[in-house]
Every structure is written in structure tokens, then in C-alpha cells.
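Protein chains in written order, with my numbering: chain A, 1 to 202; chain B, 1001 to 1065.
Bear in mind the hints are in silico, worked out from the structure with no lab data behind them. One or more of the hints may lead you astray.
Quick list of simulated restraints, FRET-style, between CB atoms [claimed, not checked]: (1) LEU87/A / ARG1004/B: 43 to 51 Å; (2) MET1001/B / LEU107/A: 44 to 52 Å; (3) VAL106/A / PRO1043/B: 27 to 35 Å; (4) LEU1042/B / LEU74/A: 35 to 43 Å; (5) PHE1046/B / ALA34/A: 56 to 64 Å; (6) LEU11/A / SER1015/B: 21 to 29 Å; (7) GLU1021/B / PHE188/A: 49 to 57 Å; (8) LEU1042/B / GLY56/A: 29 to 37 Å; (9) SER1015/B / ARG60/A: 54 to 62 Å; (10) ILE1056/B / TRP28/A: 53 to 61 Å; (11) LEU74/A / ILE1056/B: 24 to 32 Å; (12) ILE90/A / GLU1024/B: 22 to 30 Å.
Every residue gets a Cβ at the ideal spot worked out from N, C-alpha and C, and that includes glycine.
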Amino acid sequence: MQRPVPLRYNLQVAIAMTIYVAVMVLAWPLVRTAQGMPVKALLAMLPVLPMLYVIGLMARRVMGGDELEQRTHLLALGVATTVVGVLSLIGGFLAAGGVVKLDGGVLIWVFPVLMLVYGLTRWWLITRVYGGSPGMECDARQTMPWRWRILLIAGLIGFVALVFWWRGDRDDTLLGMLCGMGAAMGVFLVVAAVRHLRGKAE
Amino acid sequence: MKNRLRELREAHGWSQGDLAERVEVSRQTINAIETGKYDPSLPLAFKLARQFKQHIETIFEPHKG
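Let the sequences and hints guide you as you build the complete structure.
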């Protein structure tokens, strides 16, 4: 299988995640007021589509990696599966014993926690075990600099917030959260740019 | 496993990225092999040996004991 191009992979994941956020913000709230079970089910399942696409991209990335990359991916996924499995077991027993109250919504967090543990484990493997750095996976010309990634994410969040506002939705908390996230990323980029320029001047 | 990969690579004037491209792996993998943190598979070891036109045993030396 051809080695994946990191720049294209990052862009595809960023776009898919933005679609996911847009669906969660714009379409998913309609689930509660939707009439008819088929429509409810369709709306409830809508966020799954971009996530399935991201999973497909990740699978292609793993299969296209070289032997060391595949080893780090699969070790990290093994650790993440174990951690999430143990947490689920603990949560399940606590819920079944009536110690904690858990509703089905907690299942939404399974995949994000899996990805978080996978990411941390892989970072640790690459930097502490195999002596590299996350950016060494590819030619620097083929990857998007982190500043541009944050700018892209901030822009996409801003776009979702704009659509949200244009639709006239009255959830000010959510709109404020989106604007806050985008603004925070923008401020971070400005500070990083200033530091970068100062470093160059010196 | 000790190896002469860095020495051979530098003798040919190749960067880690150049060698990685020639044997179709990531620069991270070449770096991990050179620093002894990762032992390549047999197919990769053969690929590397072919690049330098040497036998595997002259490039890679197993740890004694």
C-alpha cells in the first residue's frame, strides 16, 4: 500500500472533524424535537458518518505506514483498548451496582478517550522508546506546520459559529463557546507569530 | 543491534530522509535503526544492504551474550 501523504491526511481529518462539529452543533439538537422514529434515528446517527470516515482514514494510515510506524500504531491502539476496556468495566459494575448513575450518553466518550490514550501512548513510544519526534514521520515539506493547523481549525470553528448565528439559533452558551474557542486559538497564533518574529529579529 | 548504518549513509552523502526515501520507510525508522533503538525486519535489512551494496553481516552486528 502506498505511504500516506501526511498533509493530505491532516487536511482530510480536519475537514471530517469540522463536519462532525457542525453536525453536532447544527443537526444533532434536532433529535429531541424530531417527529417519527426513522427521522430521530437518522439524525441521531448523523455524527457517526464523519467519524466512520476518520476511522477509515486512520486505518489507511496504519496500513500504509512502514514497519516501525505500524508497530507504534498497533501498540498504542492495544494500550488504548485496554485502558478504555478497564474503564468501561469499572463504570459498568458501578452503574449495575447502583453506585453511580450512567446514561447511554456516556458511550459517546468511548471513542474520544480511546483516541486520546492512543495519541499519548504513540507520542511516548515515538519520543521515549524509539528516540524520535512526532514530526519525524515524514518529510517536513509534506506536513502542515502546526501554526497553519491551528489557524485552519480556528477558521473552521469560526465558520461553524457563523452558520450557527446565521440560522438564528438561540443557544448563546454554545455560540459563545465556539467563538471563544476560535478566538483563543487566534490569540495563541498571534502570540506564537510575535515570538517567532522576535526570535528571527534576534 | 549495533550497526554501521550512519557511517555508510554519511559516506554516501545521504541524509536520513534520502535513505528513508530509497528504502521506502520514514525518517523516524532510519533514525531509530541508527541509534540502535529499533532492529529492522529481515526484508528491510536486505533493502538497506542492497542500497549500500554490502552484506547484511557487515552492516548489522548482533549484541554479544
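Next on the checklist: If you test the structure against every hint from before, which numbers come out violated?
Outcome noted: Hint check: 3, 4, 7, 9, 12 fail, others pass.
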